[in-house]
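J.: Start from the sequences, fold in the hints, and give me the full structure.
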Amino acid sequence: MGWHDAATAPILRPMSFWRDINPRSAAADFAAIWRDNPYRWRVLAISIALTFAIFMVLLPKSQRVPPRPPKVTYISTFADGRSDAEIVASILESQKRKEEREARLEERAELRKDLYRTLGRATGLDVDSMERDIEQDEAAAKSSRQAEREKLAEEQEEAIAAIEAGRSGSDGETASPDSPSR
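Numbering (the numbering used here), first residue to last: 1329 to 1510.
FYI, nobody ran anything at the bench for these hints, they're computed from the structure. Treat the hints with caution; some may be incorrect.
[To be verified] Below, a list of computed lysine-lysine pairs in the DSSO-like style, where the Cα atoms sit at most 30 Å apart:
1. Lys1389 to Lys1399
2. Lys1441 to Lys1426
3. Lys1441 to Lys1424
4. Lys1424 to Lys1470
5. Lys1426 to Lys1470
T.: Okay, here's the thing in structure tokens:
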């Protein structure tokens, strides 16, 4: 026999835990105990107070009140009373630095290309045909971008014309943007 017998083996039988749980009887039991307890209101008040106290202890103070607005500190890198000539000179100087930086980057890119050309020739690659293919691809991409720009410019002009036509009144005067259309 042993524990392998299905009829007598408690380890193999399904558990009957859920069979004993009934929400209706649980509510009836709670109501009966609640009615019979003379301290029920005190217990309820203490339970609510303890729950509130636990939440207040666990919540940080920064979550209990709205946060303070941040203090904004403005940093100005320019003098307050600059003249227009000083502003123009500053812009020209910045533009000159930008152009010098772009020239250095272009020189580095060309040096890198020369190094790759040398490496390609040393390994037996046809670098000239590869460069032609790259130039053709770049030209095609550039013409595609230019066509897209022209198309967008035309659409923008048409939209502006439509807006202006919609705003103009029947007597030829331009209506204000706030006035209702006729």
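J.: Please go over all the hints and tell whether each is borne out by the structure.
T.: Here is how each hint holds up against the structure:
1. Lys1389 to Lys1399: holds (20 Å)
2. Lys1441 to Lys1426: holds (22 Å)
3. Lys1441 to Lys1424: holds (26 Å)
4. Lys1424 to Lys1470: Distance of about 27 Å is within 30 Å: holds.
5. Lys1426 to Lys1470: Distance of about 24 Å is within 30 Å: holds.
In terms of the numbered hints stated before, the structure departs from none.
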